[in-house]
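Chains as they are written, first to last, in this note's numbering: chain A, 3 to 116; chain B, 118 to 233.
Misleading hints may appear alongside valid ones.
[Said to hold, decoys possible] Simulated crosslink set (DSS-like; lysine-lysine; CA at most 30 Å straight-line):
no.	chain 1	residue 1	chain 2	residue 2
1	B	137	B	158
2	A	103	A	57
3	A	57	A	80
4	B	131	B	158
5	B	131	B	181
6	B	158	B	181
7	B	131	A	80
8	A	75	B	158
9	A	80	B	137
10	B	137	B	181
11	B	183	A	115
12	B	183	A	72
13	B	172	B	131
14	B	172	A	80
15	B	137	B	172
16	B	183	B	137
17	A	72	A	57
18	B	183	A	80
19	A	57	A	75
20	A	103	A	75
21	B	137	A	103
22	A	72	B	131
23	A	103	A	80
By construction, these hints were calculated from the structure, which means they are not laboratory data.
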Amino acid sequence: AQTVTQSQPEMSVQEAETVTLSCTYDTSESDYYLFWYKQPPSRQMILVIRQEAYKQQNATENRFSVNFQKAAKSFSLKISDSQLGDAAMYFCAYRREYGNKLVFGAGTILRVKS
Amino acid sequence: GAVVSQHPSRVICKSGTSVKIECRSLDFQATTMFWYRQFPKQSLMLMATSNEGSKATYEQGVEKDKFLINHASLTLSTLTVTSAHPEDSSFYICSAISWRSYNEQFFGPGTRLTVL
Numbered sequence: 003a004q005t006v007t008q009s010q011p012e013m014s015v016q017e018a019e020t021v022t023l024s025c026t027y028d029t030s031e032s033d034y035y036l037f038w039y040k041q042p043p044s045r046q047m048i049l050v051i052r053q054e055a056y057k058q059q060n061a062t063e064n065r066f067s068v069n070f071q072k073a074a075k076s077f078s079l080k081i082s083d084s085q086l087g088d089a090a091m092y093f094c095a096y097r098r099e100y101g102n103k104l105v106f107g108a109g110t111i112l113r114v115k116s
Numbered sequence: 118g119a120v121v122s123q124h125p126s127r128v129i130c131k132s133g134t135s136v137k138i139e140c141r142s143l144d145f146q147a148t149t150m151f152w153y154r155q156f157p158k159q160s161l162m163l164m165a166t167s168n169e170g171s172k173a174t175y176e177q178g179v180e181k182d183k184f185l186i187n188h189a190s191l192t193l194s195t196l197t198v199t200s201a202h203p204e205d206s207s208f209y210i211c212s213a214i215s216w217r218s219y220n221e222q223f224f225g226p227g228t229r230l231t232v233l
C-alpha cells in the first residue's frame, strides 16, 4: 500500500520569504500522480499543484513550485514570496496512474508572519 | 467550472437522530464521489467511494450501517449519519471526479456536524 509522509507538523515563514514543505512517499509503481493541496481556515480544499511521475520537469504554478525527486520518492513544495493568504494547512497526496483514490499525508500547518 | 457544493454547511442535532448531508456537482457529471471525515488539525480520512447507480465501497473500519451513502444521480450523493452520537461529531467533506479533468478530485466546502 502507498503511504505519504509529511514530517513537518508546523512551519513558519516571514512574509515575502521562501519556504519549502517536505513530502516523501512510498510506492512500488512507476507511474502515478502527486499533488499538493491547500486547506485554508475556511477548510475548502484547493489544488495547488500537480506532478505526473513520468514527467522529469518539475511543475510550477506562479509562486508555487515542486522539487520532484523520483528515485528518492521525494516531492517538496516551494512557496516563493510568501503572502499572508498562504497561511493554511498543506497536504501532499498520491494517486495511482489509473486509480482515483487519493492518499494524503498528515499535513503541514504553514504560518505566515507579517 | 468543476464546482462541488455541500448542504448543509453546519448542522447540530441531538444524540440518536439521523442527519443527511448532500453533495452536488454543480456544473459537471460525476460518476464517482468520495466522502471524507476530518478531525481538527488532522488529515482527511477516506470513508467511502460512491459510484452512481451502485452500492458504495466503504473503507475498512467504517460502519456501513452507521454511514449510509446513496449516489442517486450523476450530480448528487448523500451521506446519512444514522443514530448519531457525540463521537460522530466531525467535519465531513465530499469530492467528485470529473472525467474531463483526468480524474482530478474537486472538493466540496465541507459540513460541520455537531451531535449533542
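Requested in this report: Return the numbers of the hints above that this structure violates; sort them in rising order.
Outcome: 7, 9, 11, 12, 14, 18 and 22
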